[in-house]
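With the hints as a guide, bring both chains together as one complex.
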Amino acid sequence: MSAQTAYTSENPCISAKSLICGTLVTTDLARIRHMLEKGFGLECVRAGRDLLLARDRQHRSGENKAGEPFWVLEIRQKDKVPVAQEMLNHWGMAAPNQAAVDEAYKNVNERKQEFGIVRVQKPRFRHGSYACYFVDVDSNWWELEYRAPEITYEALRAKGDLHKD
Amino acid sequence: MSHEPLVKNETLSHGTIECSDLVVTRRFLTEFLGMKIHRPVPEAQYIYKGGPWSVVCVCVEGGEAKEQIPDNRFKISVGSKEEVRHAHDEALRLREQYGIRQVNDLVESDVTVSFQLQDLNRTWWEITTADERYYEQLFERGDI
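The listed protein sequences correspond, in order, to chains A and B.
So the numbering used here is basically just the index in the first sequence, starting at one, shifted up by 3.
So the numbering used here is basically just the index in the second sequence, starting at one, shifted up by 43.
Since the hints were made in silico from the structure, they are not lab data.
Beta carbons: idealized from backbone N, C-alpha and C, even for Gly.
Treat each hint with caution, since some may be false.
[Claimed, not checked] Ranges between beta-carbon positions, derived for each pair:
| hint | chain 1 | residue 1 | chain 2 | residue 2 | range |
| --- | --- | --- | --- | --- | --- |
| 1 | A | 124 | B | 86 | 13 to 21 Å |
| 2 | B | 136 | A | 66 | 39 to 47 Å |
| 3 | B | 135 | A | 112 | 47 to 55 Å |
| 4 | B | 147 | A | 51 | 14 to 22 Å |
| 5 | A | 100 | B | 177 | 29 to 37 Å |
| 6 | A | 68 | B | 114 | 23 to 31 Å |
| 7 | A | 167 | B | 185 | 44 to 52 Å |
| 8 | A | 131 | B | 186 | 36 to 44 Å |
| 9 | A | 8 | B | 63 | 22 to 30 Å |
| 10 | A | 52 | B | 84 | 35 to 43 Å |
| 11 | A | 109 | B | 140 | 46 to 54 Å |
[Claimed, not checked] Quick partial rundown of chain A residues pointing at chain B, CB under 10 Å, derived from the structure:
| hint | residue |
| --- | --- |
| 12 | 21 |
| 13 | 68 |
| 14 | 71 |
| 15 | 85 |
| 16 | 91 |
| 17 | 118 |
| 18 | 144 |
| 19 | 155 |
[Unchecked claim] Heads up, simulated DSBU-like pairs for lysine-lysine below, C-alpha to C-alpha not over 30 Å straight-line:
| hint | chain 1 | residue 1 | chain 2 | residue 2 |
| --- | --- | --- | --- | --- |
| 20 | B | 51 | A | 68 |
| 21 | A | 20 | B | 79 |
| 22 | B | 79 | B | 109 |
| 23 | B | 51 | A | 81 |
| 24 | A | 109 | A | 125 |
| 25 | B | 51 | A | 162 |
| 26 | B | 109 | A | 125 |
Extracted from the complex, chain B is given alone in its bound form (with noise of 0.2 Å):
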């Protein structure tokens, strides 16, 4: 039976979060994490790598990105678990370079490897092993 959602949604299009200086936070996003970023507008920059989606980043005028937790972050897939350690190794020794609050411990599981760090913004991101083939296995073995 097809159904009509209520909400008439092409396409998930994109994520937000606040940052306090765009040209400071644009060396973090490009230089450590490997980003890709267009500026379209005075206020904002859009992050973006390997598909559609995009990450809106806005500066907050006079003020600082508010805290976040590690429940509300974003995903950051790479090739191998050999370089999720050097991410989190790399992280570690540049932290004071940008701005990095925190580094987590690696978690290593069966099939995954990843750490989680929050930035200069109090912004949460993982980089993980976890890819599309990873998900696409999870949405096609269905509910649990």
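Isolated chain A, as found in the complex (with noise of 0.2 Å):
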């Protein structure tokens, strides 16, 4: 018998074909744009009224992901928020190495204020990862994380570790 690797159902009330979108909220898309494009890097577009899309950089025809599959943020633009976010609500990016951590939370607060960003972390090891937080203006959480290789998130799956309950 081979070993479980994963949780799982053979037979779900839905065919889930994948995960593909997180939703937040701002009261300002330009001010969260500035912030996603030039502080964290990601590609932006506008596709509404009070809608902004937000995935990683490179999916694009003829560029170094295109064809992979992708992640989105939907973010709504709203007067106020209704429901302020908390830690356990946050956004996590991947860090390719412990010194670009660090170096984010220097450059993060040395420029917060352009950013919307009011309350940066500093960065300490959590579960064997090195990471640091910001909040943005409107409550939201981003963790800026790195996890050494046998740690990340796709070689955590290909080991099946299933704690016990």
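What follows is the structure, given as structure tokens:
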């Protein structure tokens, strides 16, 4: 018998193809676009009067990640943020190494007002990863995280580590 | 002109949600939503389907997950409009079994069909026909 590598259901109610998108709220699309594009290096597009989409760069035709799966952030502009978000509702980004986390902490701290960031947490080790958090003026939490190759999200999937209930 | 971002971000990697019971939540996520899950640490399980992206589901010790609104949700892509309608029927039929708190009406446009539901942990999910091709077209179109 092969080892189970994921909790899954053979006959789920919904035949999901993919997790495709996460959504969040801002009070200023231009401000958050500046943060996502110039601060975090994402590709953004204005898809509606009150709607901005963001994804990793390099997914356009002819670019490095063209044809690979991508995740979308859908950002809706509202007059106010109805429910303030907290640390356990953050959006995570992967850093290439530990130094990149330290560098981001320094860079963001120096220019946080320009990017609408109100809080920057010092990098620290947590559960084997090295990360810092940024909180924007709309209470959205952003994590920049370095994970060693053996504990990246994909590596952990491959290991099929199913902690006992 | 090339631009060096402030943060050297390789990729969007994950989102995060709260739950009050990992095992009961896992039943909903796998049996109802059709997600895959692994649990590398005692306090959290990682949800994924169809790509490298994960949603980290963290157990809130001794407490309840806080209330969320539909503006803060996760979207799950399915293969057809019929599958969305079937999922909507199933959500209504099985809401008690899986602790589903709310099931909103179907929303049909020329392009997509979708509906939103709030799960046992007050997290909102949208089941939709919008897929990568749909979003790719929006990115290709550019700013409106």
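Hint numbers the structure violates, sorted upward? Structure breaks no hint.
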